[in-house]
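A.B. asks: Here is what each chain is made of, one letter per residue.
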Amino acid sequence: MTEVAGAQELGKEQLLDAYRTMRTIREFEERLHVEFATGEIPGFVHLYAGEEAIAAGVMAHLDADDYIASTHRGHGHAIAKGCDVKGMMKEIYGKADGLCHGKGGSMHIADLDKGMLGANGIVGGGPPLVCGVGLSAKVRGTNQVAVSFTGDGGSNQGTTLESMNLAAVWDLPVVFVIENNGYAEATSTNFSTKGLDIAKRADGFGIPGVVVDGHDFFAVYEAAGEAIRRAREGGGPSLIECKVNRYYGHFEGDAQTYRAPNEVENIRQEKDCLMLFRQRVTSAGLVEDGELDRIDEEVKQLIDESVEEGKASPEPGEEYLLTDVYVSY
Amino acid sequence: MTEVAGAQELGKEQLLDAYRTMRTIREFEERLHVEFATGEIPGFVHLYAGEEAIAAGVMAHLDADDYIASTHRGHGHAIAKGCDVKGMMKEIYGKADGLCHGKGGSMHIADLDKGMLGANGIVGGGPPLVCGVGLSAKVRGTNQVAVSFTGDGGSNQGTTLESMNLAAVWDLPVVFVIENNGYAEATSTNFSTKGLDIAKRADGFGIPGVVVDGHDFFAVYEAAGEAIRRAREGGGPSLIECKVNRYYGHFEGDAQTYRAPNEVENIRQEKDCLMLFRQRVTSAGLVEDGELDRIDEEVKQLIDESVEEGKASPEPGEEYLLTDVYVSY
Amino acid sequence: MARRITYMQAINEALRQEMERDESVVVFGEDNVGGTGAPGEDDAWGGVMGVTKGLYPHFPDRVIDTPISESAFIGAAAGAACSGLRPVAELMFVDFFGVCMDQIYNQAAKFRYMFGGKAVTPMVIRTMYGAGIRAAAQHSQSLYPIFTHIPGLKVVVPSNPYDAKGLMIASIRDDDPVIFFENKVLYTMEGEVPEEPYEIPLGEAEYVREGDDVTIVAIGRMVSMAEQAAEALSGEGIECEIVDPRTTSPLDEETIFESVENTGRLVVVDEANPRCSLATDIAARVAENCFDDLKAAPKMVTAPHTPPPFSPTLEDLYVPDPERVAAAVREVTGAGARA
Amino acid sequence: MARRITYMQAINEALRQEMERDESVVVFGEDNVGGTGAPGEDDAWGGVMGVTKGLYPHFPDRVIDTPISESAFIGAAAGAACSGLRPVAELMFVDFFGVCMDQIYNQAAKFRYMFGGKAVTPMVIRTMYGAGIRAAAQHSQSLYPIFTHIPGLKVVVPSNPYDAKGLMIASIRDDDPVIFFENKVLYTMEGEVPEEPYEIPLGEAEYVREGDDVTIVAIGRMVSMAEQAAEALSGEGIECEIVDPRTTSPLDEETIFESVENTGRLVVVDEANPRCSLATDIAARVAENCFDDLKAAPKMVTAPHTPPPFSPTLEDLYVPDPERVAAAVREVTGAGARA
Ligand SMILES: Cc1ncc(C[n+]2csc(CCOP(=O)(O)OP(=O)(O)O)c2C)c(N)n1
Ligand SMILES: Cc1ncc(C[n+]2csc(CCOP(=O)(O)OP(=O)(O)O)c2C)c(N)n1
Ligand SMILES: [Mg+2]
Ligand SMILES: [Mg+2]
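Chains as they are written, first to last, in this note's numbering: chain U, 1 to 329; chain D, 1 to 329; chain W, 1 to 339; chain Y, 1 to 339.
Any given hint could turn out to be false.
[Unchecked claim] To give an idea of the interface, some chain Y residues facing chain W are shown, with a C-beta separation under 10 Å as derived from the structure:
(1) Phe59
(2) Tyr105
(3) Pro274
[Stated by the list, open to error] Mimicking BS3-like on lysine-lysine, the simulated pairs with C-alpha atoms at most 27 Å apart in a straight line are:
(4) U:Lys86 with W:Lys53
(5) U:Lys12 with U:Lys300
(6) D:Lys194 with W:Lys53
(7) D:Lys114 with D:Lys300
(8) D:Lys114 with D:Lys86
(9) Y:Lys295 with W:Lys295
(10) D:Lys12 with U:Lys200
(11) U:Lys311 with W:Lys118
(12) D:Lys300 with D:Lys311
(13) D:Lys311 with D:Lys86
(14) U:Lys12 with U:Lys114
(15) U:Lys86 with U:Lys300
(16) U:Lys12 with U:Lys200
(17) D:Lys194 with U:Lys200
(18) D:Lys12 with D:Lys300
(19) U:Lys86 with U:Lys114
(20) D:Lys311 with D:Lys114
(21) U:Lys271 with U:Lys194
(22) U:Lys311 with U:Lys114
(23) U:Lys271 with U:Lys200
(24) D:Lys200 with D:Lys271
(25) D:Lys194 with D:Lys271
(26) D:Lys311 with D:Lys12
(27) D:Lys311 with U:Lys194
(28) U:Lys194 with Y:Lys53
(29) W:Lys295 with U:Lys114
(30) D:Lys300 with D:Lys271
Source of the hints: derived by calculation from the structure; they are not laboratory data.
Glycine residues also receive a C-beta, built at the ideal position from the N, C-alpha and C atoms.
With the hints as extra help, turn the sequences into a complete structure.
C.D. replies: Rendered as structure tokens:
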């Protein structure tokens, strides 16, 4: 029986939940990859496959009334925060009963009732928002926490850097998760941040910053647990940089010629978060292979149904065009 | 004979120039303080008094074709970069033969022929501009250097932080000088940056950052020399944080009730840059008191004349209103 | 209701009363307290012009200073508004919108539509606009046309103390993001203002003056320019009707159209630059909708297509003044009548 | 000149030819090379849509990738332009202007005026605009009205490959800051384009089609919508004159007025949101200056006052189409004639 860091805290139920979250994201994304190629899915689609351990590891610590702000690569965050998977798929298909009535699409999936402040088409759009949620929690005296997800590329956006300082100055219950997947579109992090640890930037603002392996659910879980606990207890903001990889292109349709041959294959074989998770929990005797297999099947069915319903659902009619610009008219 | 750090490099002529620069700025600003109170000077006026050693210490290393980008508190930078003092004064009075024909005023004093890219009404406006100058020097293969001045407050503006990273990534001949005078308007740096060294932020972008005493011409001179030399030789950007104080309010008219009683008086007595400079160079036997006194008189006369001419000069006529919006029409 | 207070006091009173009424109202911005972290007086500034002065001692947890990080704190207003607060954030001068516009227009203003009606974002951005204090090109602009262009935002431009108070209270209570333009020259303008809280609905124009010869639509500080012009013109036998839209988005077109139907003539006075301005917006809408009522070409009086100049003489030429308004009125009433 | 290339190729060719001609022209933006620092192919992207593809191998020192720091690199364009370069910087989607507007409008655009004529800032910002590819609210806007509002900026909106090349070359050679709006749907549009470099002067509109019954002023992609409408209307006996301003700032008012003097009727087609838009700008100027020539109310065809929706069905309703243009033309030609 191997020790699994962080796993002590987690009961079996939670381990299975975490696995289900990651598997759901993976299945959702891989299926979108296939369906996008048919031409039926409109717009830009950015897949989160490969990065599931981050969403699952962070969200395992968040309650329903905690908030997150996401990115253009937001499906994983949304699923992990509890957004309805079928509603999401319908949204991605642009349908009237999608999570946002087809008005948002992949890049704007949101569900405020679930504390999901939205995927975001603007790189660096989210960090300011979570400062506001943190302020709200502080002023209203709740113990809510807000987490923003930002890419390596997004860590160079002024809004992100400003927000770290604001959160520090206002001493907010906020966590900045940096998903460093090595690229911003085609541009390598070796160039755009000189390959330096983005976590180091936290020092300059006087907040704790750590680097973790974003393929490792338990590593993320542990670091996020500490940061979120600190935030909840009034200890202020933190930054967690997760080093990770994306399995697909920047968006669907990206030929990815900027990557090394076999770059992704190697990672899939050595560092896949689902594989690592399964190895650890089964070899530690915490979960049986069969239990995970069952989840795989359930998830597959859920995604099958989601795609079917996504395709079959009605388009929004003209009456949707002018509504919901304002509350009052 | 006391050792004076950095002074070895400086010949007597240069020491006298540096003193003249600082004294000119001081006299310019103190006179503006008096004249502003009469109500004759329009608009917002932000005085640089107390911070002269920074402008003088940095600009001592810059050639005519190097560039600087300044702030709302820009008179000192402009004078030290060689802008015509009388033209500046006329500009501040809003006159037709001012440096910008009265269209810019105190907050927009510029002279591109002197490499002065402008005072700037936007906090954080300057750092992106010097990245461009640095790029220009690099692409054209010159050895020009560009320096931006930014306040402690301005160091929290996203544009400033982004620019540090861009300069690092593009490896530009740029120096970021942070003038940390303890306040942004009425807000203390203890609050807005948690009192941390702003120089630390440089680490996160992989560029050298140092803290120096901004009252000490020689300390600034030395640090700026190193950074500018590095930039000129292709060694990339640096950050220099100068801890300093401002002698007057944020702008003229500020009652400054947020400050401690005697805060400024104490600094004036203990840390005044002109006083420190005089003490050091005379006690080291490098310069005679009388030589400095003579500069004081010459400067006083220059400023007297500037104010007189500033008041007497003609207002810009209606014909100025619509010109110089575009080059071509 | 004989009490007279200034435009600035009216805004301050609105903020105080709403903060008293509703604990979810918070106020923040650069130096909105003033002096945080400093050794001297707290509440030293109350904003650069003193508009929020005196709030901090009453609501020390709800009046908050910020670093100079407009994107972060304006965005924080949006995030706070989505999670239980009603923030009133200050963008000191609207000229600074360029460092934080994304959070205003792509985030706050679009949440509701993008999210299929799920978001409610009750926030107010207070901001100063306009020329007149020799603050030059980056501190004197009247950028409400840019914000009016943006769906999802409401844009308020009060012209007097009474409206300032009522519109501020309505803006705070409104469930949509509102940008509230305060004219810096009007801060010292005095007027009768009731002590009790009251709302002026967003989207309702006001007849400032009635008259049958020409409709003058004027925005913000331009209302008083129009009034001065109208006074002078009355002596020449020209009776101007002045409509103050009070909010540029939503715009009360009906009232404007109604007035033009009566007068048959339109002059729009807008302190902003001319291209794609409120002046063009209103003139075009009137031309499209009241064409048959128009007896003369609509006329626009605006700043020129230049940045605001610093020099007092130039700045005074820059801002539309009563003479230019009167000249435009004479032109539309004198010439080219076709009725 | 039978060679046909696409709008995208035309822009690429203009960039390449100007970079060859003038060593001071540099091109930068996010992924304008694509792949910097990465292990695979260099020049992997040439911009997100491939517009700058192929430039890097020719000019490896003058085509440069950037971090996602629009304020810093757009501001760098301004600083570079003041110090000896002629930068062409890419703001990938104009929707992102909110994170870098200050450097565009308070810095680059105002230098010359604020500095009393001393600055020359020859820079081009290339940017994508417009709906049609299901990119939703933050990637589909047509924000040229906001930029047209700003004194000191020039604003170019080419509607076809020929113009795209000539206007890009003119923009690069121009000594003022120019923002160049590329319509993402038009990238694949083909047209005849001469191989040699040529300039189309900024500020000169073009008659796309001549006709006596109505003037349609259409911007960017809307020109082809207007052409389709005109084709259909011609069958009904209505002959449309189509004017393409090509640059919205400076705006060639004279050509528009000249056309309206002839036709007496105006329809403006603008993909942007309606308030303070180009549609209002042109309609208002025509109403003010050609009032006596107008036989009917000017009519504006625009997107509605909502963000761009994602769903294809909704997006198709959002963008003005030939049917809506034709309906507007029928309205102004059929009804309310007063001549
Ligand atoms: C302000 C802004 N600039 C540029 C873009 C275009 N863009 C979308 S995603 C992206 C790359 C983001 O990289 P990163 O933050 O590392 O996230 P990742 O895609 O790797 O998850 C870019 C440049 C944008 N959407 N917003
Ligand atoms: C973007 C922007 N935000 C706010 C302001 C208003 N403002 C002008 S100066 C200033 C304080 C600047 O502080 P600091 O950078 O420390 O410079 P100092 O005045 O101390 O020299 C502020 C907030 C501005 N001009 N621009
Ligand atoms: Mg990335
Ligand atoms: Mg300061």
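A.B. asks: So, against the hints stated earlier in the document, which numbers end up violated here?
C.D. replies: 1, 4, 10, 16, 26, 27, 29
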